[in-house]
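Peer 1: Protein sequences appear in the order of chains D and C.
Using my numbering, the letters of the first sequence map in sequence onto residues 32 to 355.
Using my numbering, the letters of the second sequence map in sequence onto residues 332 to 504.
Hints in this document: simulated from the structure, not taken from any laboratory.
Note that the structure is predicted; figures quoted are calculated from it, not measured.
Any given hint could be a false lead.
[Claimed, not checked] DSSO-like mimics (lysine-lysine), calculated; alpha carbons at most 27 angstroms apart, straight line:
| id | chain 1 | residue 1 | chain 2 | residue 2 |
| --- | --- | --- | --- | --- |
| 1 | C | Lys461 | D | Lys106 |
| 2 | C | Lys438 | C | Lys468 |
| 3 | D | Lys155 | C | Lys461 |
| 4 | D | Lys226 | D | Lys171 |
| 5 | D | Lys155 | D | Lys106 |
| 6 | D | Lys171 | D | Lys181 |
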Amino acid sequence: MDKPGVILMPVEIFTFLPEKIADIISGLDNWLREELIEIRLRVNQPLQIITFTRDYFLNKTGQGVDSEAGYLVSKQDLEKAFLILTRNSLYAMERQLIEGYITIPGGHRVGFTGQAVIEEGRLKTITNINSLNYRISREKPGIAMRVIDKLYDHQGNYIYNTLIISPPLCGKTTLLRDLIRTISQGIPLLGLKGKKIAVVDERSEIAGAYNGIAQNRIGNRTDLLDNCPKAWGMLILIRSMSPEVLAVDEIGHQEDVTALKDALNAGVSILATVHGRDLNSLKYRPGIGDLIKNKFFQRYIILSRNMGIGTVEGVLDSQGEEVV
Amino acid sequence: LTIKIIGALLILISGSSIGWIISIRYLYRVEELGELQLAINIFDTEINYGQTVLSDALSFTAATLNGRLSHLFSETAELLSHHDGRTFNEVWRANLDENLYNNYLLKQDLQILEEWGQQIGSLSLSDQSKINQLTIKRLEYAEKKAREMAEKRVKLIRYSGVLISLMIIILFY
Chain D
32 MDKPGVILMP VEIFTFLPEK IADIISGLDN WLREELIEIR LRVNQPLQII
82 TFTRDYFLNK TGQGVDSEAG YLVSKQDLEK AFLILTRNSL YAMERQLIEG
132 YITIPGGHRV GFTGQAVIEE GRLKTITNIN SLNYRISREK PGIAMRVIDK
182 LYDHQGNYIY NTLIISPPLC GKTTLLRDLI RTISQGIPLL GLKGKKIAVV
232 DERSEIAGAY NGIAQNRIGN RTDLLDNCPK AWGMLILIRS MSPEVLAVDE
282 IGHQEDVTAL KDALNAGVSI LATVHGRDLN SLKYRPGIGD LIKNKFFQRY
332 IILSRNMGIG TVEGVLDSQG EEVV
Chain C
332 LTIKIIGALL ILISGSSIGW IISIRYLYRV EELGELQLAI NIFDTEINYG
382 QTVLSDALSF TAATLNGRLS HLFSETAELL SHHDGRTFNE VWRANLDENL
432 YNNYLLKQDL QILEEWGQQI GSLSLSDQSK INQLTIKRLE YAEKKAREMA
482 EKRVKLIRYS GVLISLMIII LFY
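Sequences are here, hints too, so could you generate the full structure?
Peer 2: Here it is as structure tokens:
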């Protein structure tokens, strides 16, 4: 039986795995299920899981073994998994197919590779899927407490425009989710009042919404716009929901940056994330680099995996100086 | 004499009813093949314009059909929405088998539906639509043949029911 208080692998993942694989994963020891961050299925390769500390190949009973003794994932396993993931509705997922990943209820992202189909110089779709990567998303209530005080202007009673920077798998979205929840709820002990916060969740990863309803805890003062492209979503929310704070995940496209500028000029505080190693590496990236150079953001949170996922390397101000 | 008349009438009514019941199967088959075309048309519109996920599109389709066929679609939709790890094709095939005696379709008609189920959900929007249109054409053809068969056989079977009853009456009396 699962220990109370332990965050095991969320059960909804099992319903999106083919039966055989789900059986193997459910045979894992509890401590492994607590640590699981990725499940990888590759055609004709052994089933692999990745935990916070290392990776394992699994045999038919869910035991960690050498790669030669691992359960070989078949083409049929992959095809079945992909059909289940798309809810037997590949035709309804064409936009996601171009992105290279699908988000399932609970905000878990499943990436895939296969054969790219190019039409008129553009990626039309990906077929013959040969690899799936289930990335398990977990809520970690309380992690925002490490940084929240540095993101708040007590005198002006507002949240600084903040950009969370890290490479993939360092906990950007998890931190953003908890910041949203914390800012929405407020922290009376620190004198922080709850704020109206609007979230554009293009890939349903922040709120883990199912049929538009948030499945993760994102706070009582949070308005969620699910499955909407970020650039449109930000403009819609500013006009319609009068937020004090606007949160978006993984900005990058030029249109996202343009929408962010509009939001910043509208006097709304911004919480955003971006892929990157550090502040300097982003300064030369088109779009986001301009925002950094023009000091649109007043706080940068740098994350890494140095001391485990979600390690806060530093909270910097607009000059790039550490905030004490 | 009264008993003889009542007996003769009973034989006549029973024989005619048996003929009527057998013949009605041909007419219901024509009706069901027509309904299936309508169903796949509605399904096609639903996924093309709404890009609705399969279970919802099937539920919507089920709502437009009569009891017998509606059950086939609604039950499939229900099972799919449970996310029990089965693909649409697996659920659909099992449901076709289970509903085999709940409708008037023949083996060759069910074959069309089974082949449709093998391709649904795993194709792009345009390919999905092509499969739907092809299936509608096949059902149209099956309906045409079924109608021709019904025209030939319905009257024949009904008359046969009456005539066989009369023959039995003459033989007995």
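Peer 1: Would you mind marking each hint as holding or not holding in the structure?
Peer 2: To see whether the hints hold, each was checked on the structure:
1. C/Lys461 - D/Lys106: holds (26 angstroms)
2. C/Lys438 - C/Lys468: Cα-Cα ~17 angstroms, so holds.
3. D/Lys155 - C/Lys461: Satisfied, since the Cα-Cα distance of roughly 18 angstroms is no more than 27 angstroms.
4. D/Lys226 - D/Lys171: holds (20 angstroms)
5. D/Lys155 - D/Lys106: holds (23 angstroms)
6. D/Lys171 - D/Lys181: Given pair D/Lys171, D/Lys181 holds - Cα atoms ~19 angstroms apart, limit 27 angstroms.
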